[in-house]
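> Next come the chains, spelled out residue by residue.
There are 2 protein chains.
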Amino acid sequence: MNKNNKLSIIPLGGLGEIGKNMTVFRYGDDMIILDAGLAFPEEDMLGIDLVIPDMSYISENKDKVRAVVLTHGHEDHIGSLFYLLRQVSVPVYGSKLTLGLVEGRLKEYDVAAPNLIPVAPGDSLTLGPFKVGFIRVNHSISDALGIYLKTPVGTVVHTGDFKIDQTPVDGKMIDIHKFAEMGNQGVLVLLSDSTNAERPGYTKSERTVTEALDEHFRSAKGRIILTTFASNVSRLQQAIQAACAYGRKVALLGRSMVTVVNKAVELGYMEIPEGTLIGAEEIGRYPDNQMLILTTGSQGEPMAALSRLAAKNHRSLQLTPGDTVLISANPIPGNERSVGRIIDSLMRLGVHVVYERASGIHASGHASQEELKLILNLVHPKFFIPVHGEHRMLRQHGKLANQTGVPKENVFIGENGHVFEFTAETGRFAGKVTAGKIFVDGLGVGDVGNIVIRDRRQLSQDGVLIVVVTLDKNRGCILDGPDIVSRGFVYVRDSEALIDEARNIVKNVLERFENQPITEWAPLKNGIREALVKYLFAKTGRRPMILPIIMDL
Amino acid sequence: MNKNNKLSIIPLGGLGEIGKNMTVFRYGDDMIILDAGLAFPEEDMLGIDLVIPDMSYISENKDKVRAVVLTHGHEDHIGSLFYLLRQVSVPVYGSKLTLGLVEGRLKEYDVAAPNLIPVAPGDSLTLGPFKVGFIRVNHSISDALGIYLKTPVGTVVHTGDFKIDQTPVDGKMIDIHKFAEMGNQGVLVLLSDSTNAERPGYTKSERTVTEALDEHFRSAKGRIILTTFASNVSRLQQAIQAACAYGRKVALLGRSMVTVVNKAVELGYMEIPEGTLIGAEEIGRYPDNQMLILTTGSQGEPMAALSRLAAKNHRSLQLTPGDTVLISANPIPGNERSVGRIIDSLMRLGVHVVYERASGIHASGHASQEELKLILNLVHPKFFIPVHGEHRMLRQHGKLANQTGVPKENVFIGENGHVFEFTAETGRFAGKVTAGKIFVDGLGVGDVGNIVIRDRRQLSQDGVLIVVVTLDKNRGCILDGPDIVSRGFVYVRDSEALIDEARNIVKNVLERFENQPITEWAPLKNGIREALVKYLFAKTGRRPMILPIIMDL
Numbered sequence: 000m001n002k003n004n005k006l007s008i009i010p011l012g013g014l015g016e017i018g019k020n021m022t023v024f025r026y027g028d029d030m031i032i033l034d035a036g037l038a039f040p041e042e043d044m045l046g047i048d049l050v051i052p053d054m055s056y057i058s059e060n061k062d063k064v065r066a067v068v069l070t071h072g073h074e075d076h077i078g079s080l081f082y083l084l085r086q087v088s089v090p091v092y093g094s095k096l097t098l099g100l101v102e103g104r105l106k107e108y109d110v111a112a113p114n115l116i117p118v119a120p121g122d123s124l125t126l127g128p129f130k131v132g133f134i135r136v137n138h139s140i141s142d143a144l145g146i147y148l149k150t151p152v153g154t155v156v157h158t159g160d161f162k163i164d165q166t167p168v169d170g171k172m173i174d175i176h177k178f179a180e181m182g183n184q185g186v187l188v189l190l191s192d193s194t195n196a197e198r199p200g201y202t203k204s205e206r207t208v209t210e211a212l213d214e215h216f217r218s219a220k221g222r223i224i225l226t227t228f229a230s231n232v233s234r235l236q237q238a239i240q241a242a243c244a245y246g247r248k249v250a251l252l253g254r255s256m257v258t259v260v261n262k263a264v265e266l267g268y269m270e271i272p273e274g275t276l277i278g279a280e281e282i283g284r285y286p287d288n289q290m291l292i293l294t295t296g297s298q299g300e301p302m303a304a305l306s307r308l309a310a311k312n313h314r315s316l317q318l319t320p321g322d323t324v325l326i327s328a329n330p331i332p333g334n335e336r337s338v339g340r341i342i343d344s345l346m347r348l349g350v351h352v353v354y355e356r357a358s359g360i361h362a363s364g365h366a367s368q369e370e371l372k373l374i375l376n377l378v379h380p381k382f383f384i385p386v387h388g389e390h391r392m393l394r395q396h397g398k399l400a401n402q403t404g405v406p407k408e409n410v411f412i413g414e415n416g417h418v419f420e421f422t423a424e425t426g427r428f429a430g431k432v433t434a435g436k437i438f439v440d441g442l443g444v445g446d447v448g449n450i451v452i453r454d455r456r457q458l459s460q461d462g463v464l465i466v467v468v469t470l471d472k473n474r475g476c477i478l479d480g481p482d483i484v485s486r487g488f489v490y491v492r493d494s495e496a497l498i499d500e501a502r503n504i505v506k507n508v509l510e511r512f513e514n515q516p517i518t519e520w521a522p523l524k525n526g527i528r529e530a531l532v533k534y535l536f537a538k539t540g541r542r543p544m545i546l547p548i549i550m551d552l
Numbered sequence: 000m001n002k003n004n005k006l007s008i009i010p011l012g013g014l015g016e017i018g019k020n021m022t023v024f025r026y027g028d029d030m031i032i033l034d035a036g037l038a039f040p041e042e043d044m045l046g047i048d049l050v051i052p053d054m055s056y057i058s059e060n061k062d063k064v065r066a067v068v069l070t071h072g073h074e075d076h077i078g079s080l081f082y083l084l085r086q087v088s089v090p091v092y093g094s095k096l097t098l099g100l101v102e103g104r105l106k107e108y109d110v111a112a113p114n115l116i117p118v119a120p121g122d123s124l125t126l127g128p129f130k131v132g133f134i135r136v137n138h139s140i141s142d143a144l145g146i147y148l149k150t151p152v153g154t155v156v157h158t159g160d161f162k163i164d165q166t167p168v169d170g171k172m173i174d175i176h177k178f179a180e181m182g183n184q185g186v187l188v189l190l191s192d193s194t195n196a197e198r199p200g201y202t203k204s205e206r207t208v209t210e211a212l213d214e215h216f217r218s219a220k221g222r223i224i225l226t227t228f229a230s231n232v233s234r235l236q237q238a239i240q241a242a243c244a245y246g247r248k249v250a251l252l253g254r255s256m257v258t259v260v261n262k263a264v265e266l267g268y269m270e271i272p273e274g275t276l277i278g279a280e281e282i283g284r285y286p287d288n289q290m291l292i293l294t295t296g297s298q299g300e301p302m303a304a305l306s307r308l309a310a311k312n313h314r315s316l317q318l319t320p321g322d323t324v325l326i327s328a329n330p331i332p333g334n335e336r337s338v339g340r341i342i343d344s345l346m347r348l349g350v351h352v353v354y355e356r357a358s359g360i361h362a363s364g365h366a367s368q369e370e371l372k373l374i375l376n377l378v379h380p381k382f383f384i385p386v387h388g389e390h391r392m393l394r395q396h397g398k399l400a401n402q403t404g405v406p407k408e409n410v411f412i413g414e415n416g417h418v419f420e421f422t423a424e425t426g427r428f429a430g431k432v433t434a435g436k437i438f439v440d441g442l443g444v445g446d447v448g449n450i451v452i453r454d455r456r457q458l459s460q461d462g463v464l465i466v467v468v469t470l471d472k473n474r475g476c477i478l479d480g481p482d483i484v485s486r487g488f489v490y491v492r493d494s495e496a497l498i499d500e501a502r503n504i505v506k507n508v509l510e511r512f513e514n515q516p517i518t519e520w521a522p523l524k525n526g527i528r529e530a531l532v533k534y535l536f537a538k539t540g541r542r543p544m545i546l547p548i549i550m551d552l
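Going down the list, the sequences are from chains B and L. For the first sequence, counting from 1, position 110 maps to 109 in numbering that gives the first Met the number 0; every step adds exactly one. For the second sequence, counting from 1, position 180 maps to 179 in numbering that gives the first Met the number 0; every step adds exactly one.
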């Protein structure tokens, strides 16, 4: 091994954002990729379905990639794997549940079945110059892993998404001994989850949710409808246990709820007593106080089951007064308004809705400040890179690291594409590689860029107005038209006078070009556009996109 | 006065929503309108500038309207006044600052100068069968009023937007004695602000902000940039006092900041010592530690001064490391992400940003649960209508009323347009009048409805594709085209093959109609549309709006 080789850590996603996590570890000519996530589009990314990391750096170095390692099965960690596997064909390591969820998604994508290799906490394996080991962590999905990476220059620890649950529901606590052991042996770099770095104190144990749920199950008189993230297997397990304790059957609503529960049961991450689970179509056969319905839509997603229930257009279930809806999740920032609207709609149906933070029926899956400091102290790394968070969260996490003794100059607040380079002694920012957002829209990956989005934005604001005219190109005179078609601009039936006048304006412009052969179209089109923009803005205060189309004979 | 007359209370806005507050009080043939606010569009109201209440009920009864009464100068209470005054020409009553803000806005609208009549707390006046009195309340704008309305069937109290600030900065506490006196005399109906009905405890006094601000002013080494709602006159006054105490000049950025401060100074609601205020262009002349800059944009509004500062494109100021930005406002639900992005951008500039709730530099302007209960207990009304809140907040406020002794059947959780009818003894839901949202888009009021919005939504998702062809209408053959123009669908330069094939598909459809006179266009256009939808979806997974336009000769 070349003594001059350095370890590079290159986040391609997840820094300065919550979402599309992906990190490259490179030593010489060997690379490992940790996680391959997606992000959901922001409100100004009109029409975009998903956002994935720009993987140019990986495709430029595809012969160096040894493996993909997944920490857990959430979309922001596995959702771009299928796009990544189009670039590189390498083994994929992850826990059993993670790989189960990956498998469930594979059929949606046109990608060859990858080589999926299950690992368990405590396992380790050698990948080129790296020895990769897996550490159990607690998170809002079962079977989540942190990793350590022994490299020729030193050890790297990456927490993955985690919290420290001292009383986990499944009894499987985060392996704090392993973090301590790593710290004792000496850690060069720690990368740690910053999602809740702004939140003081400790994150509540999942077990506190058990008690809160129990209370609501005890007092509910009608059906109970519980919504949470479909991937939150522990939460679903708790709800099912409560259902059994109070003699309720369980039905599942929503495609991802069905998929995840089946997969979790199949892999042994969830236990549902025989006869408990019924089909959605059987709900009507049981008395209201013997039903628990688990449903998707806790984030107010408009097409999810809970939205349909609130809007009274779900095909297999109608809510009625007496039903109780438990919203066992907090709205992700940006979703408050849509969740609020759903709660309001449910209440208008007379349904009892339990949703406040204070109700205790939700606990976050990410560590708060005291837990973050504990990990920092256990691992006491020489260098620290806060990951998995928006910029201000990374900064706050950086401050926590300073407080626990990591010197300021050893904390790297990065951006996607930054290269952090380490020797056994030193760490430094060593330039940038290509990184960014690739938009997935329908089947297109990366074909929608800023120009298309800018057009969509203009169309969304004031619509479009199309002017078509057929001209005699030799004499410049009008043969047919101008015809005007508009969409999203004004309600056409109420705007005849406006459109008639617009037509006259176009005619006036065309008159200027009459009686001469037309050699270029641009002056004519620009003339039409300018005259219409001016007229329409004066009359309506709006600026529709104006598209003049000239046919000629 | 007719013994059979009843009092009707008809909310036209503000129920089931935060925004566009407007309530009609009617007794026989006399009506008073309380507040005339606007709402900002929700994210799915594409291209809409403002939302105002449907005022059909008012225009159908315009001869009955005696007056408009305004509680305070926030947009959600005065922003649709200008549209209302196009319907009815009646006196407008409000406090001095409220009317000052109304006057400042009048010139933006094409409406005759209304008859603005200033009132002060303690005043009362007779308007037909109503005696209207004004009560001082605390809120996040100065000069806010609650009202009482003595009617032939009993007294109504409406709190307006309020909190109970026991230590207000201007020394002018809410007149709780008046609320107590009303309660003693007997109140038929109370209407009260539900904004914070879900929040336990008490809302902090504005004075607590003084201490927090002082600490940041004491420790700041460079310029201080403070952002809050421009209308929060007390907050701005506090910031200016802190500036004076620490020897800083004050500059204003943002149009509404300049307008409100000038108006507040002119009317005596704000005092700025001589020589303190400087022009934005003079900022550079003073050392950094002698500057306070007050700016708009606390809600992340993309065109406001703070967004421009964060994006480094403000024309009169460039932020530098060492500057401190104090965000003295909480994001309104729905704005968290845009505010978060601005904080991140500021931090990337090296600016110190103070923004957490915990920082103490903001206090809400609305009463929390303990204050709401206190008002309920002081007024102890026979009937209660929670107002100014989304449905779940109204419900929660209703529960608080039950807790303070208002029977369940006397609490009315309403919707906009509901008519609540009262005699001296009874209260009941008495049907509905027209109510709803009217969209303002540019100069158009109400001309954009669901069809236009639906088109904008489709355009925003996948863009538009226009097919134009000139046909010989007698022989059905193509004279020119088909030409295809698309916007917001694909990046055209990369999609030549797709568009070429689309053109062929159109030609194939047209062939079916060849060699015969064309008598109707619909089958031809539908044929084109169907063929293209199918092809484009198969190729791209997208569904652009397809507009076939046929010219004929």
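Hints should not be assumed to be uniformly reliable.
Intra- or inter-copy, both count: the list cannot distinguish identical chains.
What the hints assert, rightly or not - Computed cross-link-like contacts, SDA-like style, restricted to lysine to any residue with a CA-CA straight-line distance of at most 25 Å:
#	residue 1	residue 2
1	K538	R528
2	K248	L531
3	K61	V257
4	K436	E300
5	K533	V484
6	K533	H176
7	K95	M269
8	K372	G185
9	K506	L546
10	K177	P332
11	K524	Y56
12	K95	K171
13	K61	L478
14	K472	L552
15	K203	S358
16	K524	V484
17	K407	D493
18	K431	G416
19	K538	F81
20	K431	R340
21	K5	G397
22	K203	L115
23	K381	L442
24	K506	L478
25	K63	K407
26	K436	N312
27	K431	P151
28	K220	N261
29	K524	D551
30	K61	F81
Note that these hints are calculated values from the structure, not bench results. Just so it is clear, the structure is predicted and the values come from calculations on it, not from any experiment.
> Now, for every hint given, state plainly whether the structure supports it.
Outcome of the hint check:
no.: 1; hint: K538 - R528; in the structure: within (15 Å within a copy, 32 Å between copies)
no.: 2; hint: K248 - L531; in the structure: neither (64 Å within a copy, 48 Å between copies)
no.: 3; hint: K61 - V257; in the structure: neither (36 Å within a copy, 57 Å between copies)
no.: 4; hint: K436 - E300; in the structure: both (23 Å within a copy, 23 Å between copies)
no.: 5; hint: K533 - V484; in the structure: both (18 Å within a copy, 23 Å between copies)
no.: 6; hint: K533 - H176; in the structure: neither (71 Å within a copy, 58 Å between copies)
no.: 7; hint: K95 - M269; in the structure: within (13 Å within a copy, 66 Å between copies)
no.: 8; hint: K372 - G185; in the structure: within (17 Å within a copy, 58 Å between copies)
no.: 9; hint: K506 - L546; in the structure: both (15 Å within a copy, 22 Å between copies)
no.: 10; hint: K177 - P332; in the structure: neither (33 Å within a copy, 41 Å between copies)
no.: 11; hint: K524 - Y56; in the structure: neither (43 Å within a copy, 47 Å between copies)
no.: 12; hint: K95 - K171; in the structure: within (15 Å within a copy, 65 Å between copies)
no.: 13; hint: K61 - L478; in the structure: neither (59 Å within a copy, 52 Å between copies)
no.: 14; hint: K472 - L552; in the structure: both (6 Å within a copy, 15 Å between copies)
no.: 15; hint: K203 - S358; in the structure: both (13 Å within a copy, 23 Å between copies)
no.: 16; hint: K524 - V484; in the structure: both (16 Å within a copy, 14 Å between copies)
no.: 17; hint: K407 - D493; in the structure: neither (65 Å within a copy, 47 Å between copies)
no.: 18; hint: K431 - G416; in the structure: within (5 Å within a copy, 59 Å between copies)
no.: 19; hint: K538 - F81; in the structure: between (51 Å within a copy, 19 Å between copies)
no.: 20; hint: K431 - R340; in the structure: between (43 Å within a copy, 22 Å between copies)
no.: 21; hint: K5 - G397; in the structure: within (24 Å within a copy, 65 Å between copies)
no.: 22; hint: K203 - L115; in the structure: neither (34 Å within a copy, 56 Å between copies)
no.: 23; hint: K381 - L442; in the structure: neither (44 Å within a copy, 62 Å between copies)
no.: 24; hint: K506 - L478; in the structure: both (12 Å within a copy, 22 Å between copies)
no.: 25; hint: K63 - K407; in the structure: neither (33 Å within a copy, 71 Å between copies)
no.: 26; hint: K436 - N312; in the structure: between (36 Å within a copy, 23 Å between copies)
no.: 27; hint: K431 - P151; in the structure: within (23 Å within a copy, 76 Å between copies)
no.: 28; hint: K220 - N261; in the structure: neither (28 Å within a copy, 59 Å between copies)
no.: 29; hint: K524 - D551; in the structure: both (13 Å within a copy, 21 Å between copies)
no.: 30; hint: K61 - F81; in the structure: within (15 Å within a copy, 64 Å between copies)
When held up to the earlier numbered hints, the structure conflicts with 2, 3, 6, 10, 11, 13, 17, 22, 23, 25, 28 and fits the remainder.
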